[in-house]
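4 protein chains.
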Amino acid sequence: MKAIVVKPSSKGVEVRDVNEKEVQNFGRVKVRIIENGICGTDREIVQGKMTSARAPQGRDWLVLGHEALGVVEEPFGEFKVNDVVMPVNRRGCGKCNNCLMGRADHCETGEFVEAGISDMDGFMREYYYDDPKYLVKVPKGIEDIAILAQPLSDLEKSVNEIIKVQERVYWTCNDGTFSCRRALVIGSGPIGILVSMLLRSHSFQVIVANRREPTEIEDQIFQEIGAEYFNSAKGYTELKGRFDVIFNASTAPPTVIEDIIPFLNYNGVLGLFGFPPSGEMKLSFQEIQRLSLKGVAILGLANGQKPHFEEAMRHLSQWKITWPKTTNKLITRTVHVDEAPKVLSFKEENEIKVKIRW
Amino acid sequence: MKAIVVKPSSKGVEVRDVNEKEVQNFGRVKVRIIENGICGTDREIVQGKMTSARAPQGRDWLVLGHEALGVVEEPFGEFKVNDVVMPVNRRGCGKCNNCLMGRADHCETGEFVEAGISDMDGFMREYYYDDPKYLVKVPKGIEDIAILAQPLSDLEKSVNEIIKVQERVYWTCNDGTFSCRRALVIGSGPIGILVSMLLRSHSFQVIVANRREPTEIEDQIFQEIGAEYFNSAKGYTELKGRFDVIFNASTAPPTVIEDIIPFLNYNGVLGLFGFPPSGEMKLSFQEIQRLSLKGVAILGLANGQKPHFEEAMRHLSQWKITWPKTTNKLITRTVHVDEAPKVLSFKEENEIKVKIRW
Amino acid sequence: MKAIVVKPSSKGVEVRDVNEKEVQNFGRVKVRIIENGICGTDREIVQGKMTSARAPQGRDWLVLGHEALGVVEEPFGEFKVNDVVMPVNRRGCGKCNNCLMGRADHCETGEFVEAGISDMDGFMREYYYDDPKYLVKVPKGIEDIAILAQPLSDLEKSVNEIIKVQERVYWTCNDGTFSCRRALVIGSGPIGILVSMLLRSHSFQVIVANRREPTEIEDQIFQEIGAEYFNSAKGYTELKGRFDVIFNASTAPPTVIEDIIPFLNYNGVLGLFGFPPSGEMKLSFQEIQRLSLKGVAILGLANGQKPHFEEAMRHLSQWKITWPKTTNKLITRTVHVDEAPKVLSFKEENEIKVKIRW
Amino acid sequence: MKAIVVKPSSKGVEVRDVNEKEVQNFGRVKVRIIENGICGTDREIVQGKMTSARAPQGRDWLVLGHEALGVVEEPFGEFKVNDVVMPVNRRGCGKCNNCLMGRADHCETGEFVEAGISDMDGFMREYYYDDPKYLVKVPKGIEDIAILAQPLSDLEKSVNEIIKVQERVYWTCNDGTFSCRRALVIGSGPIGILVSMLLRSHSFQVIVANRREPTEIEDQIFQEIGAEYFNSAKGYTELKGRFDVIFNASTAPPTVIEDIIPFLNYNGVLGLFGFPPSGEMKLSFQEIQRLSLKGVAILGLANGQKPHFEEAMRHLSQWKITWPKTTNKLITRTVHVDEAPKVLSFKEENEIKVKIRW
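Protein chains in written order, with UniProt numbering: chain E, 1 to 358; chain W, 1 to 358; chain D, 1 to 358; chain Y, 1 to 358.
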């Protein structure tokens, strides 16, 4: 069958034939891939820049792809033929309590594997076999945007964890919701947009910041979802007030964190999600004193697991009804698998999510 | 203006003219009512059977109605003209910590008031004025079914509380979700249907029980949402296995609770939501011993507040996409306000939710 | 070696020689027993009345004893020779998540075993071998009362669970503690005394009720710990106000529960700990309605595990300092092992805790 | 009456007469001070170095002292004459939800006041009047060391918050306790010692690090409480393994944080408690990436409130029994009030806690 293959640490990607027996499978449910999504991680791997990318043991190549939709080809347990499913992309170590409880996002051994990224063949291939435990059902009616559930799952986990951690204080407002809480999202790429939608769905006030004027599409999106846009090219000082949540959804250098920390409110949370690609940040002794005095929490956030994929499916369904103009804009391009190498090597302007169609 | 008026403890209901000054208002946002929903509580009041119904101080009549949709008539704060809104129906005592934190569902003084039920004029009138704190925005796209958000809010609170209470044990399954947990819903009326939808949306396995064969509509609904139906006319012994959640969504006599308690699993939760109208139940010493040994929790559940109304709006949006056949069946009849007294006095066969249109 | 042996379901108990090879051991740490405690369960087994008592597979006799202190005889891991230890008495099923996480108190298969009670030889013998995982270190300085840590562990778990479950509401008072919360403890036996001490240590107001005048010892204890005593011979109506916690620490018939339920406050918790030996209770439809409206929680409570044994050791240490008169009164008699059959067959007046000395 | 008085921002301290009417009082319970504790904050104020120190409005001098024991002089509510009490030193803003719920440690307005530090007269005076809400009862039997409850209260809050935040993951070990979790405490001063005792009491493994060999007293203390000591003069690389908790209990420069962050385990928590007095730290992009990937939490920690003072009293009672050699060593000197200016100006070698006796 055809598969999209990379050699980790080397530049390049190709669509080539692989034998069912030489690629990894993970269970007994046959899944025919219908779509893959492309994200920044895929492109970093293709550029040979992602140092943590690793082929499965014993060979130097890897099937790419961690965002996928497929159809079940043979009935199995609760799955019927033609059910549309999405695979969970990180698989646990099988040893630590977090992984045993289905929460490989908090694996404690570091021995988890990630489809299409490290130690595990990905989903950019005609079909593969999986364990039902890792397959998430896609509701009819959102199949056009369901590919977004993979990146969204990471954000579901992140926002859930922020809310859970804030149980350390009285954080709900006098109407019992989060309507008085202000969130600042750094970055207006796909991650910035999705996390803004999620925070709005949890009733937060949301301001999205980027170091430029918003595009027309961004303008329309943030208007529909009720978020504000802020051009941070000249810093954040014109943003009035403090923030209860600051979520770094950008790949800006670490200095952005240095710049925004003073804007955290008492008991505020800084979510570290985006990966800075280079550089460093500084914190003075006064700033460290203030972190203590203000009772701030800084959280490292990564990965979503099955419960988060399921929540992502629910939010995408909800958003199709409440924010139809926005959900219509999120898939900016769909290409045939033979064009995949091209879109994997180059990001278009205004791209939000590109998907590959098999 | 016209209003639907009752005299608590007396039988009867009438549509009559009331003066804006003689009825209660609660704030500065003018809301024109467009729809009211009718539920069992309204009919009990109309029949003069609800002993806890009470008129506002100083008079013997009460504007009925605790389920309502309205449109904002004058801009106010975050509300724009023509925004569709639903009012929160229970208002806090203003004294206890739960009410001060926006959670009058757990009022500790008992001095809360309830629109159209006790000490507070209801929403079955042409217009009224409210405090924005108690108004919930209705997303475009679900206006046809949004009236269900009021009863659903009570269930959102109930299911949230069950899940919160179960943090006392390891209750998520090995995939991190509730997919291995079995819930039994007693009753297949509107409450039974809505709570089944909610439990399915939280990944529970759901069996709905009633003491008769399902109607055709019920059959279609439970099939779409993936719940099982069980005819309990001959008891529950043919139901295999135990239940992690048993939710009483019926108005069956207390003996139903006596009958189902033995079916609770270790660490199981029994949610007491429905109101038995008469009768009593017995528990033997052996059954009480088993409640201890099995670590069971029995929870009294009532009322939802603003966060639960907002979640209800989100679930209704989600369900329109994922279960369109079901959401299409939930409003079984819409009548003009002049017909309200008739529908308030008589429940049709197969009725799920009837609404009054102004 | 000598052991105290029973034949489950038959009346009787004897001190007899058993061979190390014919009794069960559970690990590699050799523990020489120095003391055993006696409780109502032991006496029920000796009377042949406890239907759930069961010998280990393949024989009809069981070594009795679930309350024990021992000394380590050979160094092992963190244990040094002469360390005083107490064994955890319930051991998990090895299958369900709760047991795998060290919380056999919430075992979901029911396949746990209990030392000296069901399927597992107890600790009334000269020595045995155990797994360090189940051994709890006893601090020097409380060895005289440490035998109480076993019954206290069950109550540590119970009170922790009550507090955890109440996270469903705003339950702490305006000073951040539980000082405004009122607890009613039914029963003034050893369990009633220990749970009262525990609730006082969590800052609750405590009233202990029994159907008679307090003994002189009880008077002194409740005065020192700051609890009130109430003679409930004529019912509870003279107790003013409602209770946020009602804890059944008695073996009174189920009607006591019927009688006290109306005294639960809004959001109150009823803890079912004590085992009624016979009889039944009734609940009317009105009372069931009130449970819902008042948001009450009823919790079945049993068993403590290692974290609770450790907390019990900490509380006993604390209490020796803060309530020395009370801790001095809790061990009412110490007998030699040869007298064990006698004290196992008969409970003295004013007994709180009797222990057997090897 | 006599009082110990400072002029914030100026160097110096004096014992002088003040009039009852010119100093602040806070309620109706008359408290005669018997002891004050001295800590680094007091000395910083005396040196004129603490920029956040502020006199009450309208004057330039402040009564010093936030650690105090007193006796009640007139009966009031639950307080009897001669009850020994300790005042809570931070008082809330009266506006935000956290303060209204008795948790001024998480005040959101920043308008709280602190006795003897900012905007509120302290407790180094012969007597004052307070609100019972802010008075904590001191158990007989720990009066000699109870002054430690004030600094300990800050640590009770800190450790509670760390444990609460970690509910985001499966963090208890397979025996249900924290026995498998490793904590690194930076600093072996009074704060380092107290937090190590606290972490040991929660069953953590504890290593205390300082950049020198331990003193003889430290050696004895860490041996009794079962903590390890590590000389970090040459860095932390010889410490094997990673840490689940790293608690900064030192006033080392920020580079210490830079150095220890790589030693955080997956899901680890870094508690920022100590105040670095100068300098800055750097974090590289790789380290920030690792914080995300490892799911780390960094918490700013400060201040304890009434529930934490009460827990501190309980732990001090427990520790007197379990670690008597250690509790005997913690008060290193007691001086008469007239000598206070001298001890406030100079810290002796080997000092742990100095107290002033009235």
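Be aware that one or more of the hints could be misleading.
For identical chains, the list gives no copy identity; a pair is met inside one copy or between any two copies.
The list that follows gives simulated cross-link-like pairs (lysine to aspartate or glutamate, EDC-like), each with its CA atoms no further than 16 Å apart [stated by the list, open to error]: (1) Lys-21 x Glu-74; (2) Lys-80 x Glu-22; (3) Lys-80 x Glu-14; (4) Lys-133 x Asp-83; (5) Lys-137 x Glu-78; (6) Lys-137 x Glu-224; (7) Lys-49 x Glu-280; (8) Lys-140 x Asp-119; (9) Lys-282 x Asp-259.
Keep in mind the hints are simulated off the structure, nothing from the lab.
Going through the hints against the structure:
1. Taking the shortest Cα distances, Lys-21 and Glu-74 never come within 16 Å of each other, neither inside one copy (19 Å) nor across copies (55 Å).
2. In this homomeric assembly, Lys-80 and Glu-22 never come within 16 Å of each other (Cα to Cα): the closest approach is 27 Å inside a single copy and 54 Å across copies.
3. Neither within a single protomer nor between protomers do Lys-80 and Glu-14 lie at most 16 Å apart by alpha-carbon distance, with minima of 33 Å and 54 Å respectively.
4. Within a single copy, Lys-133 and Asp-83 get their C-alpha atoms as close as 15 Å, which meets the 16 Å cut-off; across copies the closest is 43 Å, which misses it.
5. Proximity of Lys-137 and Glu-78 under a CA criterion of 16 Å is satisfied intra-copy only: 10 Å inside one chain copy versus 37 Å between copies.
6. When the C-alpha separation of Lys-137 and Glu-224 is checked against a cutoff of 16 Å, the pair qualifies only between copies, where the shortest distance is 14 Å, while the shortest distance within a copy is 28 Å.
7. In this homomeric assembly, Lys-49 and Glu-280 never come within 16 Å of each other (Cα to Cα): the closest approach is 19 Å inside a single copy and 31 Å across copies.
8. With identical chains, the CA atoms of Lys-140 and Asp-119 are never at most 16 Å apart, being 32 Å at best within one copy and 46 Å at best between copies.
9. Taking identical chains as interchangeable, the C-alpha atoms of Lys-282 and Asp-259 lie at most 16 Å apart whether they share a chain (10 Å) or sit on different chains (14 Å).
The earlier numbered hints that this structure contradicts are 1, 2, 3, 7, 8.
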